[in-house]
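Q: This is what each chain is made of:
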Amino acid sequence: MDHAVRVYENVFEMLPSEENPTPMVRINRLNRTQDFPLYAKLEWMNPFGSVKDRPAWAMLQDLEARGEVGGIRGVVEPTSGNTGISLAAMARARGYHARVVVPNKVPLEKKILLKIAGAELDVISDELCPAPGLGDGSINLAKTHAKASSDKYTLPNQYENEKNVEAHFKTTGPEIWKQTQGRITHLFVSLGTCGTVTGTSKFLRSKNPQVKVIAVQPTEGHDVPGLRNVTQLGVSKLFDSSLIDDILEVDFRMAYKRALDLSQNEGLLAGPSSGLIFEGALEIISRDKKGFGVMIFPDNIFKYTSNMVKHIPGLGAGTSA
Amino acid sequence: MARYANPEVLVETDWVLANMNKPGIKLVEIDVDTKAYDAGHIPGGVGFNWQTQLQDQVRRDIISKEAFEKLIGGAGISNSDTVILYGDNNNWFAAYGFWLFKIYGHKEVRLMNGGRVKWLNEKDKPLTTDLPKITPVKYTAAGPNLELRAMLPQVFEAQRGGWNLVDVRSPDEFTGKVIAPPGMSETAQRGGHIPGARSVPWSTAVNQDGTFKSAEELQNIYIQQKGVDPKKDTIAYCRIGERSSHTWFVLKYLIGLNNVKNYDGSWTEYGNVVAAPIEKA
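Just so you know, the protein sequences line up as chains A and B, in that order.
So for the first sequence, our numbering puts the first residue at 1; every next one is plus one.
So for the second sequence, our numbering puts the first residue at 1; every next one is plus one.
Hint data in this document are derived by calculation from the structure and do not stem from the laboratory.
No farther apart than 25 Å at their CA atoms in a straight line, the calculated lysine-lysine pairs in the PhoX-like style are these:
hint, chain 1, residue 1, chain 2, residue 2
1, A, K152, B, K133
2, A, K237, A, K170
3, A, K212, A, K290
4, A, K202, A, K290
5, B, K35, A, K147
6, A, K105, B, K177
7, A, K152, B, K35
8, A, K152, B, K123
9, B, K125, B, K22
10, B, K123, A, K237
11, B, K125, A, K147
12, B, K35, A, K115
13, A, K237, B, K125
14, B, K133, A, K147
15, A, K147, B, K123
Please take these sequences and the hints and turn them into a complete structure.
A: Here's what the structure looks like:
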């Protein structure tokens with residue numbers, strides 16, 4: 001396959017690698033600090049639309065190699081949407097099925113996309129009053145399917161699967177290192193399963209132990225699908241605080257405000273988690289003054305238009321005759 | 001090590017595994033979202049839906065004695081059976097079921113410590129999607145024992161002193177920062193708490209794996225730290241009476257306080273009452 005020509009024999013050949021990285025685009029109008037250039041790595045340019053293509057493909061390849069999927073046996077996965085979209089589309093293209101369990105608060109656009117991608121969809125009630133450490137409902141329901149119907153489902157489990165970390169160690173990290181020619185000083189990421197931060201940081205720190213890793217998290221009780229506040233991180237076995245220099249907490253509404261700013265000033269139609277990361281990056285730029293920053297933008301805004309209407313006052317005005 | 005005041009009300013997952021096929025043992029899963037039961041349950045267990053089967057579907061109330069008899073008999077449970085309850089959301093709804101079984105006088109009823117999450121996470125514990133084969137029996141309920149239930153007039157009376165009022169909701173619900181957890185359809189006109197109530201969130205009573213804390217820890221938390229006076233009668237409440245069933249179970253059976261009532265009207269009743277006094281923060 002020749003990435004310069006961009007003609008592929010199947011969709012999987014488009015998946016990212018050091019030779020075929022997702023693009024990085026510099027922030028211009030919204031970051032005037034010349035001593036601290038800031039780039040966004042556009043993960044929505046992945047074939048299934050988000051950063052989750054990386055772990056989804058790594059987990060499925062592993063399951064296929066071990067003979068865990070195929071025929072009537074597919075996968076079941078707890079997800080806030082993106083992993084499910086990648087898994088379902090990939091699984092169907094590989095000839096097996098995928099069931100996904102999502103919390104009710106996931107935006108309608110994502111739920112519909114999951115069905116379009118071919119997922120069997122379980123939507124469960126949002127957490128009422130969670131206790132720390134008890135997992136969440138979507139993870140527990142997916143585990144139940146995998147345990148009670150093991151003939152039909154296996155559980156990749158992005159929250160515990162080391163392939164999630166490995167995917168970023170083998171692709172995201174090397175891509176960034178090569179794209180920045182080793183100049184990166186600050187990596188900005190969000191926290192969800194923590195596969196991105198753990199895998200990418202491990203790789204970048206192996207090249208330059210001085211690279212600063214900044215995780216940006218939304219305030220507790222947030223409404224940014226896919227992200228977790230540190231109080232919710234107990235569910236992820238992949239979180240390794242030793243690989244993170246700073247965890248910034250940002251008012252979750254800024255995720256939506258900054259997503260709008262990025263669309264309207266940079267031409268980057270970035271989703272709310274990208275907006276949150278960008279707000280965190282601006283804080284660090286104003287603190288550290290000098291550096292070379294890379295933000296991992298997980299997905300674009302198209303799946304979040306209903307959430308944008310909810311959180312950006314006036315956005316929905318004038319949209320009907 | 002001190003024992004729970006009534007240790008017989010609690011069974012461990014290993015005990016359930018060893019005894020689940022014995023005659024006279026009946027397993028019941030009670031969930032707010034029965035997708036969990038449908039996806040997989042303990043072999044032989046029947047599933048009850050808290051919203052549609054344990055609540056009267058016309059007025060806001062627990063199901064009637066007749067409806068309870070029909071439900072339990074229809075599930076093949078006889079008066080002499082030992083009923084093992086477990087469920088989602090860390091046994092909140094199973095604890096509500098326990099409360100209902102006690103209101104209608106069932107003698108042998110137990111909670112499975114840790115609920116379905118603990119069972120799910122233990123490798124040797126099976127789950128199935130097969131529905132149990134049930135032979136309906138005649139079931140005769142007693143009661144109702146309304147000593148276990150607080151109604152609104154008693155809640156007003158309790159505010160005059162002489163009672164413990166225990167609010168088991170999250171701190172943000174207690175202070176009135178939020179009226180209900182996000183996305184809930186059952187809510188109230190006002191946020192805050194009943195005057196004089198102490199905030200002891202339900203989760204205070206459980207370990208990281210969802211099992212109940214030890215007798216000493218529970219005594220220490222509720223009596224020493226939070227100031228629940230064992231000499232007084234107690235009312236526990238939450239938003240709709242399910243989380244407070246969990247704490248009611250802890251206070252009455254594990255700590256062994258006298259006269260503990262579950263106020264199932266909870267904040268969705270109290271927070272809607274015109275002119276009722278409310279405290280915030």
